[in-house]
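K.L.:
Residue numbers (full-length UniProt numbering), protein chains in the order written: chain A, 1 to 464; chain B, 1 to 165.
Note that these hints are calculated values from the structure, not bench results.
Please note that a few of the clues may not be correct.
Estimated spans, in silico, between C-beta atoms of each pair [as the list claims (entries may be wrong)]:
hint: 1; chain 1: A; residue 1: P123; chain 2: B; residue 2: A91; range: 55 to 61 Å
hint: 2; chain 1: A; residue 1: E296; chain 2: B; residue 2: A49; range: 54 to 60 Å
hint: 3; chain 1: B; residue 1: N92; chain 2: A; residue 2: K442; range: 43 to 49 Å
hint: 4; chain 1: A; residue 1: N26; chain 2: B; residue 2: V134; range: 19 to 25 Å
hint: 5; chain 1: A; residue 1: D121; chain 2: B; residue 2: E135; range: 33 to 39 Å
hint: 6; chain 1: B; residue 1: E135; chain 2: A; residue 2: N313; range: 46 to 52 Å
hint: 7; chain 1: B; residue 1: A49; chain 2: A; residue 2: N26; range: 45 to 51 Å
hint: 8; chain 1: B; residue 1: D97; chain 2: A; residue 2: S321; range: 52 to 58 Å
In silico DMTMM-like cross-links for lysine to aspartate or glutamate, where the CA-CA straight-line distance does not exceed 20 Å [to be verified]:
hint: 9; chain 1: B; residue 1: K131; chain 2: A; residue 2: E72
hint: 10; chain 1: A; residue 1: K50; chain 2: B; residue 2: E149
hint: 11; chain 1: B; residue 1: K129; chain 2: B; residue 2: D64
hint: 12; chain 1: A; residue 1: K223; chain 2: A; residue 2: D269
hint: 13; chain 1: B; residue 1: K25; chain 2: A; residue 2: E27
hint: 14; chain 1: B; residue 1: K129; chain 2: A; residue 2: D269
hint: 15; chain 1: A; residue 1: K67; chain 2: B; residue 2: E85
hint: 16; chain 1: B; residue 1: K118; chain 2: A; residue 2: E27
hint: 17; chain 1: A; residue 1: K348; chain 2: A; residue 2: D364
Even glycine gets a Cβ: it sits at the ideal position worked out from N, Cα and C.
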Amino acid sequence: MHSLTMREPLSDGGHSSQSSLADLPNELLEKVFLFCDGITIKRLSAVCKKFNTMVINLSRLKDVWKKCVFTEIGKEIADELSRYCSGGKRLDNSLYLNDFYYKLYVKWCRSLNVGKWPSTDTPINGFFQNPISCIKVSGDLIIMGHKDGCVSICDYLSQNIEIACRHIRMVTDIALIDLAGQDSYSIFKSRVGAISNHHHIVSISKDQNVRVYPIQSASIMNKYSHLAFKPASSELNYVRVFGEYCAIYANSMKIFLWKMSLSSPGCVDVNKPLNFSLFAVVTSPDRLPGWFNLWENKVRCFCAGRGILHEINVENAYSCSSRRLRLPRLGTGPYSQYISRAFVLRKKTIILVMVSGLLYYSIDGETLHDFPIYKHFTSKVITLALWGGILALGLECGQLAIYRCPTISDLALLHDQKPVYKLHLDRRDEPIISLDIDDYGKGPVVVAATHNAVSVLKWFSSDD
Amino acid sequence: MSAIKFETSDGFTIQVERETAVVSKVVKNFLEYHPTDKCTFHLNCVDNATLRKVVEWMRHHKDDAYIETESDESDEERSQDVSIEMDPWDANFLNEDLFFLLDILNAANFMKIKVLFKNCCKKIYLMSKGKSSVEIKRLLKERCDFTDEDLQRIANKYEWMARVN
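Just chain A, same shape as in the assembly (with noise of 0.2 Å):
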């Protein structure tokens, strides 16, 4: 008769009754933990030390944080808050770090944290002789597009301001370009050594001309780095970029389409210009004013006109597919005279602006809802940002208002929220014209501008 004895392998608990988690091997709690969401991990590591070490072992081994992100935030936000980088940092590419995916987690619960971590407001303002038309913001430098046609950057620690480029009419809008995909830049000299979470700035005015140049102030910057075309005897209207694509909307219906690149790959090199190589030129399919949008390599177009989405797919410039929203009924006429302004956001959601001042949204593309959130204000919606947890509207009576808004379906919860936060901008009730967010690299930052006044608004946790 055979016979086998199975041995504890580790001769210290013999008996296993009355014992607790803690008393597993390692190997085994390994197993349990792996078998645990994010949150759940995390709170774990806070229960006793050998449970801390564990995880901090185990984030630095395993994929816990990879985890976290696909679980909790959903690819699309994951996505946005990769900071648009296209540079090897795609998210289904092996070759991620893992510190990677600790640090997009990190920034998207801080951007959670508005509202409820302490905040610090700096309001900039003099810009009287020189309204503002438009704001970007990265890392400690806010951009900003004035009427006059100057583009000036400005570090909002020691609120320096220096021009970096000079259009001859208004800057219609600005967007900012990281194709090395690096964690921050500090290409702008500065006193207080700020840093950018992008490398160039493209900028689009009403004089129809493009130009993209490093993030620099004019009086160091080699003529040489600065590009400047002229796609079109239009006037350019909107312009946005996502990893190594940049799209412009021009007044002529056109979208331009220009794929991106660095001189040497990888590396930034401020004396030389970025490579724009034109990649399509699309029609617009309705010859009304619209929005768009540009998500990894799909352009999405909203025409008022007709209260219809098209999507254009840029890897095949002639195929065009156009898909209509189911809007709600709004009257009889068309929808341009209910529509004021429509923000096309990240890869499926829209935000309708009525002229009423009533706000739709939709988050599939498809079927559009009420979004009864105006009811909480007084005066109309002008503008809004959503960027990793956060959505920041920008209203006509120069109050801003922010919500929390962790996941995309979290739209849809805001209904009976409260804003988090909210401030009033300016004294003279100028409404807000522009908004922007990023992540200054320990919380995120929210600027506001009305034509004459900046607020940066800064939330930043006590642990750091």
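Position chain B relative to chain A; hints supplied.
P.N.:
Just chain B now, with coordinates in the frame of chain A:
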């Protein structure tokens, strides 16, 4: 009749039919190399109550094809599997207190019963899911070996990451 015997750490002997016993990878592998009808396995670390529970599970699952196909996958593959889906019978079967669950987990590990082991892990996860670290500590009856300072530091570091609902 072929019968496999298990001897528990507290001296009991349980006789199990061959097709039930081979749910355990250890038994299966042993029998492949030592073809025999009669055989006793001494389980030094599994007590009577636990073994009865495990055998009950083995009997219920002896005909399930997936038990067989469950291969020795790498840890990497497992970490990709975020599904915590469980057979409802198993979920009900494992409605036990944590200590018994840990005994089952240990037994499943020693006897190499992958699915049972996995389900125990999932069950432990489900028990601690949605609880704060203090609640988890109470649930798992863990000894607290952190100083107050440590606790504050760790709580700051991880609790702010937890999603605000």
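K.L.:
Do the beta carbons of D97 (chain B) and S321 (chain A) sit within 52 to 58 Å of each other?
P.N.:
holds, 57 Å
K.L.:
Does the alpha-carbon distance linking K129 (chain B) and D269 (chain A) stay inside the 20 Å limit?
P.N.:
Violated - the C-alpha atoms of D269 (chain A) and K129 (chain B) are around 49 Å apart, more than 20 Å.
K.L.:
Using the beta carbons of P123 (chain A) and A91 (chain B), state whether their distance is inside 55 to 61 Å or not.
P.N.:
holds, 57 Å
K.L.:
At the C-beta level, are E296 (chain A) and A49 (chain B) separated by a distance inside 54 to 60 Å?
P.N.:
Holds, at about 56 Å.
K.L.:
Take a quick look at whether K50 (chain A) and E149 (chain B) sit within 20 Å of each other, Cα to Cα.
P.N.:
OK: K50 (chain A) and E149 (chain B) at ~17 Å, within 20 Å.
K.L.:
Would you check the hint for K129 (chain B) and D64 (chain B), treating anything up to 20 Å between C-alpha atoms as holding?
P.N.:
violated, 29 Å
K.L.:
Lying within 45 to 51 Å: is that true of the beta-carbon distance A49 (chain B) to N26 (chain A)?
P.N.:
Violated - the Cβ-Cβ distance for A49 (chain B) and N26 (chain A), about 26 Å, lies outside 45 to 51 Å.
K.L.:
Against the 20 Å threshold, does the CA-CA distance of K348 (chain A) and D364 (chain A) hold or violate the hint?
P.N.:
This hinted pair holds, its Cα atoms lying about 5 Å apart.
K.L.:
Does E27 (chain A) lie within 20 Å of K25 (chain B) when you go C-alpha to C-alpha?
P.N.:
holds, 19 Å
K.L.:
Are K118 (chain B) and E27 (chain A) close enough, with their CA atoms no more than 20 Å apart?
P.N.:
Holds. K118 (chain B) to E27 (chain A) sits at ~14 Å (cutoff 20 Å).
K.L.:
Starting from the hint 33 to 39 Å, judge whether the C-beta atoms of D121 (chain A) and E135 (chain B) obey it.
P.N.:
holds, 37 Å
K.L.:
Given the hinted pair K223 (chain A) and D269 (chain A), is their alpha-carbon gap at most 20 Å?
P.N.:
holds, 13 Å
Violated hints for the displayed structure, listed by number in ascending order: 7, 11, 14.
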